[in-house]
Amino acid sequence: MMRSAMMISVCTAGLAAWLVTTTPAAAFLAYVSNEKSNTVSVIDTETWSVIATIKVGQRPRGIDLTHDGKSVLVAVGDDDTVQVIDVATRKVIDSLPSGPDPELFVQNAAGTILYVANENDNTVTVIDIDKRARIGDVQVGVEPEGMAISPDGKVLINTSETTNMAHFIDTTTREIVANVLVDARPRYAEFKRDGSELWVSSEIGGTVSVIDPVKRVVIHKIGFEIAGLRREAIQPVGIGMTKDAKLAFIALGPANRIAVVDVATRKVLKYLLVGQRVWHVAFTPDEKYLLTTNGVSNDVSVIDVAAQKVIKTIQVGELPWGVAMARP
Amino acid sequence: MSMPATSSISAPLGIGAYLTCLLGILWRESLRFLHQRERFVSALVRPLVWLFIFAAGFRQVLGISIVPPYETYILYEVYITPGLIAMIQLFNGMQSSLSMVYDREMGNMRTLLVSPLPRWFLLLCKLLAGMLVSLLQVFAFLLIAWFWDITPPPIGYLTVIPALMLSGLMLGALGMLISSAIRQLESFAGVMNFVIFPMFFASSALYPLWRVQEGSPMLYYVCQLNPFTHAVELIRFALYDKVNWLSLAVVAVCTAVFTLGAVMAYDPGRGFARRMPAGGET
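Protein chains in written order, with my numbering: chain A, 1 to 328; chain B, 1 to 282.
Extracted from the complex, chain A is given alone in its bound form (with noise of 0.2 Å):
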C-alpha cells in the first residue's frame, strides 16, 4: 500500500514536472481590429497565429478588453457603436450607446465606466459599461481622439487631432479643466504608471510632447529622426510604456518603425522596422512582446521586448487598426 502511494506521489510529481517544462510560461491572445475587413483577429501568442476571425460591425477601430476578462470592446465608427464581444463564444453580444463615429476610448481604473472619444461630433461619451447606458457627455475640441486616465482616475484626458490640444477633463465634474496645446494632429495620450508624466503624439507634428500633469505644461517634446526618410514620413501615433516605466515604444506610422525610447531620458534608443503604416502597439500582460498593428501591410509584428528586437510578422485582416491584449 505504502509503496503503491509512493509510486503514484513519484509520477505525479514526474509528470508534473515534465508539464512544467513543457508547458509555455504564458499564452495570451491579441485582438486586432481591423478596419477594412470589418473583423478582429485573435492571434495566438503562444503559436503567433491567427487562431479565429471575428466579424463585427463598419470599420472597427479602438479595441480593449473589459477587467473582467470576459468581453472585447471595440468602436465601429461607421455603426455609430461599440460593440462587445464575448471571450468565449467569439460572438458580438451587445452593443453600447457612444456618439457618433467612436474611434478610441478608456475604462476608468474599476473597469465600469467607459468613456469614449467620438470622432465626428465632439464630444466624449461616459457610459455605464454594466447597464449599457450613457450617462454622460463632455463636449470637447474638434475630431476627438486619444484618451487616457490619470492613474488615480481624477483626470480624464481628451486629444483633439484638429484642435491640437490634450482637454484634462475632472471626471467627477465631468467638466474640462485645462487646454494643453501640443503639436499638429494629437493622436494618442499615455500617463506614466505613476502619474507624474502625460506623453501625447502629434501625427503631423511628428513629435511626442511629454506634459507635466499637474502644471499642465509641456517639459520636453521627443523629436525622431531616420536617416534617409523624409520628416513628413514620420507620424507617431500609439504609445506603449513599460509599467517600470524604462522603455517607451512608439509606433511611427509611415516610418514603418517602432521608436524604443528611454523614458527617463527621453532618448530614441533605437528604431525597429516593422510592416507598412504602423498605427497602435499593445504589450503581452508580461510584458515580455509587444504586437504593434501595420495597416499598409495588413499584418501584426511582435517585437521582444527585453532583447528589442523584431522577431515575426503575422499577417491579419485589412487595414488593422488597434491591438488589444488579454489582463493578467
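Just so you know, the hints here were simulated from the structure itself, not pulled from any lab data.
Incorrect hints may have been included.
In silico DSS-like cross-links for lysine-lysine, where the CA-CA straight-line distance does not exceed 27 Å [what the hints assert, rightly or not]:
| hint | chain 1 | residue 1 | chain 2 | residue 2 |
| --- | --- | --- | --- | --- |
| 1 | B | Lys242 | A | Lys309 |
| 2 | B | Lys242 | A | Lys288 |
| 3 | A | Lys215 | A | Lys243 |
| 4 | B | Lys242 | A | Lys312 |
These stretches of chain A come out as covered by chain B in the derived footprint (C-beta under 8 Å, 3 or more residues) [unchecked claim]:
| hint | stretch |
| --- | --- |
| 5 | 134-147 |
| 6 | 269-281 |
Where a beta carbon is used, it is the ideal one built from N, C-alpha and C, also for glycine.
We have chain A already, so just place chain B on it with the hints.
Relative to chain A, chain B alone:
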C-alpha cells in the same frame, strides 16, 4: 614532369601516413593564411565594403515582402549578409585555385606531388584546408556584422557551420577544377570576369529571386540554375536555424561533381594536366 605514379608504391600506406599528410597540408595552408595578412584583411574588407557602403545605399529597398527564412521585415544589410558570406567563400575558393596555379608555376607543387599518397587524397586535403580557412574568414565577418546590428539567432551561428562546410567545399572544388585548366597566373583575371562576377551577380546574393523574376523571367531561371544561388540560400536558411532542402541537394550534388571533376582533371593519366606541356610547372 617527374611525378611518380602512386601505383609504383607497393607497400600499403597506413592511416598514420594519410593523417600526417592531411595535417601537413592543413598546417601549410593555415601558415600561408596567417602569414599573408593582407589576404585575410582583403578577404574581410571586400564583404565589409559591400555591407557598409553598397547596402547603405539600398537600405530601404526591401521591407515590402517577407521571404523565408525571415519571419519579419528586414533591412537590406540583413538580406545580403548570407550572400556576402558565400562571396567570401567564392573568393576563397578562387584564391585557393590561384595558389594552385602559383604553386605549379613556382614548382612548390612538385614537393606535394612526390608524396606516395594518392592524388585524390592530396586534392581533398587541399580542399579541406581551403574550406577551413574560409570558415575563419566567415566568422570574422559575422563578428563584425554583429556590431552592425546583423544578429541572427545565437543557434544560427552553430547551424550555419555544416552549411558553410558544404558550400566551402563546393566552391573550393569549383576553384580547383578551374585551376586545372589555367596555365598562368595572368589568366586569373579571366576567372574573375567569367566565373566570379557572373556567379555572384546572377544569384540571390544581392536581391531576392522574386525581385529578379519581376525584372527578367529569363534571368530568374539563370539564377535558379546557378549553384552559387543555392550555396547562398543554404547558408541563409542555416543561419536562421532552418534547412532549404532543395539548396542542400543542389550544393551536395555540385560538390560531388566538382570534386570528381577536379580529381579527374588533376589525374596525370586523364584530365587537363595531361595536356600541359612538359615542364609546365616552372
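Here is what the structure says about each hint:
1. A C-alpha spacing of about 19 Å is found between B/Lys242 and A/Lys309, which places the hinted pair at or below 27 Å, so the restraint holds.
2. Simply put, B/Lys242 and A/Lys288 have alpha-carbon atoms about 24 Å apart, close enough for the 27 Å limit, and the pair holds.
3. The suggested pairing of A/Lys215 with A/Lys243 holds, with an alpha-carbon distance near 23 Å, which does not exceed 27 Å.
4. Proximity of B/Lys242 to A/Lys312 is assessed by CA-CA distance (about 15 Å); at most 27 Å being required, the pair is judged to hold.
5. Counting residues of the stretch 134-147 of chain A whose CB lies closer than 8 Å to any CB of chain B gives 0, so the stated coverage by that chain is violated, three being the minimum.
6. Given a C-beta distance limit of less than 8 Å, the hint that chain B covers the stretch 269-281 of chain A holds, as 4 residues qualify and 3 suffice.
The structure shown violates just one earlier hint, number 5.
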